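Protein chains in written order, with this note's numbering: chain A, 1 to 285; chain B, 1001 to 1364; chain C, 2001 to 2306; chain D, 3001 to 3457.
No lab work stands behind these hints: they were computed from the structure. Computed from a predicted structure; not experimentally measured. Note that beta-carbon positions come from the ideal geometry of N, C-alpha and C, so glycine has one too. Warning: the hint list may mix true and false statements.
Stated by the list, open to error - Footprint (simulated), chain C over chain A, 3 or more residues, beta carbon under 8 Å:
1) 55 to 61
2) 74 to 88
3) 136 to 145
4) 156 to 168
To be verified - So these bits of chain C aren't anywhere near chain A, every CB distance computed over 12 Å:
5) Ser2078
6) Leu2111
7) Tyr2131
8) Gly2153
9) Arg2167
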Amino acid sequence: MTGRNTKTFWLVLAVAVALLWTFLPMYWVVKYAFMTKTEIARFPPMLYPPEPILASFFNIFGFDYTTAEGTVFKASGQARQIILGLRNSLIVAAIVTAITTLVVVPLSYVFARLQFPFKGKLLAAILLSVSLPPVSTLIPFYTLYVQLGLTGTLFGLIVVTLTITIPIVAWMLIGFFRNLPPVELLARVDGFSRLYTLTRIIVPMARSGIMVAAVIAFLFSWNEYVYAQILVTGSNAVTLPAAMSGFLFQVPEPAQLAASLLLSLLPPFCIAFFLQKHIAEMHIA
Amino acid sequence: MARIDLRNIVKTYGSHHAVENLDMTIEDGELLVLLGPSGCGKSTTMNMIAGLTEPTSGQILFDGADVTSHSPHQRNIAMVFQSSLLYPHLSAHDNIYMSLKRSGLSKQEIEARIAHAAQTVDVTRLLDKMPSQLSGGERQRVATAKAIVREPAGFLLDEPLSALDASLRLSLRAELVNLQKRIRTTMIFVTHDQVEAMTMGDRIGVMRKGRLEQIGTPTDIYNRPATLFVAGFVGVPPMNFLKGTLEKADGRLWLINPSLRMEIKGEFANAAPQKEVILGIRPHLMRLTEAGASALPLTVYAIEQLGNEAIVICDGPDGGKIRVVAPAGFTAPVGARLDATFDSAAARLYDPASEQVLAVGKKA
Amino acid sequence: MADTTRSDTPAPPRAAEISNLSFALIISVPVLLFLLVVVAYPLAYAFYLSFHEIRFFGGYSATWNGLANYSKVFSDQSFWSSLGRTLRFTAETVVLTLAVGLGLALILKHLPAKWRWLRALIILPWAVSPYGAGIFFTYLGRGQTGIGTAVAGWFGSDHTLNLISARFVIEYLAVGAAWNMAPLVAFFLLANMLTTPARLYDLAKIDQMSRLETFWHVTLPPLRFTLFVFSCITTVLAMKTFDYIFTATQGGPGGASAVLTYTLYKISFVNLDLGYGAAMSFFLLAVILGATGLLYLLWGRKEERQ
Amino acid sequence: MSSDFTTMNRRAFLRSTALLGATALGSSLIHIPFAQATEFKPASGETVYFRGWQFRTDVVQNNVDTYNKAFEGKVDYATVTGDYPAVMEKALIANEQLDVLYANPSSAVRYNGGGWVLPASELPDGKEIADGMYPNIREAWSVDGKLLGLSYFVTTRGAVHVFTKPFLAAGYTEEQLPTNWDALYDTVYALKEKGVATPFLPHWFGEYFGISWGFVFEVMNRGGQVADPATHKPALTLDGPAGKTLAAWKKLWKSGLVPEEVFSYNEAGYIDAFRSGRYIFSPQQLYDLKTFNDKAQSGDVAGHVSLLPGKEQSWGLIDSALYVMTARKGRSDPLTDDVKKFVSWYGYKDENGKYAVASRWLKENMLFSAYKAVMESEEARTAVSTSLMRPEDYDRVLEVYSKTPYPSGIWNVVWSEEFNFWLREKLFAFLQQDLEAEAVINEANAKITELNERYKI
């Protein structure tokens, strides 16, 4: 039937546009990771690496790379920072994700499902902290941290990151918990304590929502740049985005920038890729 | 199996009175239906019986023992919630199992009881399924199995059938009644559907705005509605109402309104002359006649053919709709003038102010 | 069993079931205390700063200057122009994010089962940091390195096609922000769409609705609350955006994309005018709260009632 | 070997005689001479924190490792990203753990104004260090007679690079290369007439050292000053170099020859743009002559990038950086001594009396030094010459370098960074919003006056 054919045609077209929209901006920079400086600088810009090389990936980890023709691509001086940043980012993101999830699940549950005095005001306070722009809290944080000796520590960065992740994840999870069926009634009739209800009934029921919450916490933590830039840059607690920005400012190393950017995208991509079906199950309205 | 007494129960939320001074007894093994429109306090009442909500004041007794401060589990009640709520992440079997998890029974015993309960409501073949794989009726049965497996002192159902389609409701209604008679558990059933209430309940408690308007057997409620609200809420088609003023003339009592002067027969002891009243009469007790002097003048609005009879819906003299039951196949053009008569002794008079029944006709 | 209980036995204490309030307190007080310390403290400190003039040269000094910082904001031309850019960026970002999110959701919904895996690809931009998105869109948009010039090249032109232009850099940045955030919106909308009964679409067919009407009357209504929630989230995130613009344009070309956060950064971090920066940041906070509040009044309340 | 002897100074001489001529045996000594080892060997056992921006961090790390290994030092090196001067200033205000840092002279002056700097003059051989520097640079790095730090690098920012291939292709000869700003602009328009779409990439990018520095050096190259070097009073005039600069800029901007996107470039974008070969002229870092002529990095222009000759006027300004010691509070005296030892080794001479770090920078990245001894060695000539388009350009490089002015009027003053950011925005507005040159000059003068008043200068 022609009707069906035109429908397929439009769908294929729409999917193509969506994929182009999704990948073009990434491709445009990620291709640099496989190009030489000369190729990157060429004008008009090249659409693809004529002879893809992996030099930048070796370089950012501190290895020289010699091509068959004998051209040497020197190891990046940022290698130590990149490796340190990778390690620190993983540590911070893992801990922040774990703490955020542990804290926010009961918190959002309580706010979503129970009636108690001052709830509205407490909720407003949480939501207010979602609205706080980092630029306005950065200086006070910084002075506080200096007094406490927390600048340049992973602990300090974790604490700050939690102030970002907890409110925003709570905001999303509250909506999710509101839509769960009222199984607490069942649980009370069945004689289960509130804690048991929460941990053994609500949590397994809300698995997909909690996964999404964890993913969001991970991403916010993994991608955090502003605080890291001020609080841990130049220390052994440097994170990947802060370490990477060395390729962006001061010394032009677009290939190494692209390579480290690609590297920094892999963990969140894997997580988003494998957990997207849970997001598709998440109802917040 | 228990007798449940509610003594002077009050439940307030802030300034809102959800339930006011409720006194009620549910006999052991009885099926009581709590009937009323949404927001009337029937669910709150049931939640208080279940122990899910604590009353602001008053007492709840199970077999004479005060359980007001007991948790639901301690009261040993079972409950089926609206839309037959189940744990969505657990299989039917595990859902039923959760009822007994805290019972202290041995694993073996629990399995035996689950098997028995499943058999009782015929869900044995569904035990491995997840709630999302069950149809509405199946879910309802699983929820019932989950309730009866505990062998509860009281069996509470909160509009369990409301989300189902009509034919399923009909069959499940019968199943539930049958089940209740078999296991002889005290059962409280909350609904806003008066047909459900009439067909299921040993007794019906009609609630409105936090008050118990009337409690009694279905026949009682139908034939002798104590208040204007009960009269209007119970019965299909609903009771007809006529406004008017009582007048004594010629030693007889008349109901007067601009288009009607009608003699009221029977004993109306407390009917004072000059009093505004509302007369209620069931459609079944009215007959259509040719237009005549002492009859009620009506204009045909619509006719519903039910097969065994027809319901003629008319515009009444005071602007309200009047329904009259006519023989099957009765026809009349829309807008036709008709008259209806009825035995005023079968009618009931209500005080518009208090909404309470004024006097009772001689014959029921 | 109930019938073994006699009325004279004392009732077991209700402690078996703790009240909502105490349960809520046990769960939330530690978290709220944490937030209080680490959020309220900096906030209070910023509040303190905003009433002082802070100096670092010739020794640190904080001089009380009352509302001077606040009144200075009103007469500061750069505040008003940055505010204008922030509002423009935010409005465009919100509209684009929701529109693109809706478009992607519609595409994802119509994917046949064997193409479902494409969903996992479409979500990926959401996992990109604002920092990374900034880098992507810099190189993509610049005339020197960008897609515009490359495409112009196909058609034989050797002209640059620069998207980072003072005239529409805000629009361009909004596109990038939408690229970053829309996939999440799309997934939440998709979740919603999948729960819309198919019957409604049959009804629409019977009513002979056009595609547009069907979209408007059947597809859209169940999504409206989600759209509202995301309009709030996007508004807040767009107004807070800093790292994305910092890496994408550094507020340029010239000051064309110097949004409020960027101006604040310059005042507080470059000029070290901490008191003034703090005062201005409260204006930003007020704008964020005002915008979400306005959204709620104009839209959210209506959605909530339904 | 010979260069070791030529660069050996009094201190090294004394030290080596104390070692019974051990230095004379030089390379035959495998072990570090005992007396020198103790001189650089840290004693406190505490960590010395050394921070800088990212430039060849591999080299820096390697140098630091060498020191740590040789003297059992505990120097902790890391880089700081982002808006470097601002981030560092924050660290200094907060009295963070920071002992040695890179700083541009303007920042160093500001840090000094904040009381956070331990001047290099206070090193044991501070006087000797200062004497070994070129006087103009020493002056640039000194406040009230105190030398603020040791030499990291010195270069000319804004030396106008020329991509000779298209220039020659347009029918010009090398002798026709412009020798002053006005001639440069004339050539740019002439090239446009000949159909070159983008003859000139001006120094108008968005970094803190972008457009504002571009203005400052052009004014100075034309013989003017932004502010008086001694009193810091404003010195811009409409009919002088500032007015001419702005007029030339306005004309250039309106001609449409400059892509607007330049305004949003960071340095990477700016360098890559020139490296692409699109442009013929561009004021760039002098040391980037090496990268532009490196085939591996700049294949499309390599071998064809030269400088505009400096025989008639100067080009650009002195862009330099120092190793600055902090005066952080609460640091123990032994640790402060360790900091001095490390800085002296790293920023001056090592245990062999060599300028090891400075020489390495010169060799590997063509970073010039403030030390005469480093620059005037044969080694330096060889190193620089091989980095250029052709060895003969070395003289041109030295010619440009030796003439480069330093804007001490606006840099050796605490408000330097503030004015710089103000100027950056004002210049963008001047071009984008078509402001009057007269208004810009008046406002700039007023801004300087205001800053002087605020900081009581």
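Hints and how they fare:
1. Counting residues of the region 55 to 61 of chain A whose beta carbon lies closer than 8 Å to any beta carbon of chain C gives 0, which falls short of the minimum of three for the stated coverage.
2. With 0 residues carrying a beta carbon less than 8 Å from a beta carbon of chain C, the region 74 to 88 of chain A misses the three-residue requirement, and the given coverage is violated.
3. Counting residues of the region 136 to 145 of chain A whose beta-carbon sits less than 8 Å from any beta-carbon of chain C gives 8, enough to reach three: the coverage restraint holds.
4. Residue count for the region 156 to 168 of chain A with a Cβ under 8 Å from a Cβ of chain C: 6. That meets the three needed, and the coverage hint holds.
5. Every CB of chain A lies more than 12 Å from the CB of Ser2078 of chain C, the least distance being 15 Å, so the non-interface label holds.
6. At roughly 7 Å, the least C-beta separation between Leu2111 of chain C and chain A is not larger than 12 Å, which violates its mark as non-interface.
7. Its closest Cβ contact with chain A, about 4 Å, brings Tyr2131 of chain C to no more than 12 Å, contrary to its assignment away from the interface.
8. A cut-off of 12 Å between C-beta atoms contradicts the statement that Gly2153 of chain C is not in contact with chain A; the least separation is 4 Å.
9. For Arg2167 of chain C, the shortest C-beta to C-beta distance to chain A comes to about 21 Å, beyond the 12 Å cut-off, and the non-interface label holds.
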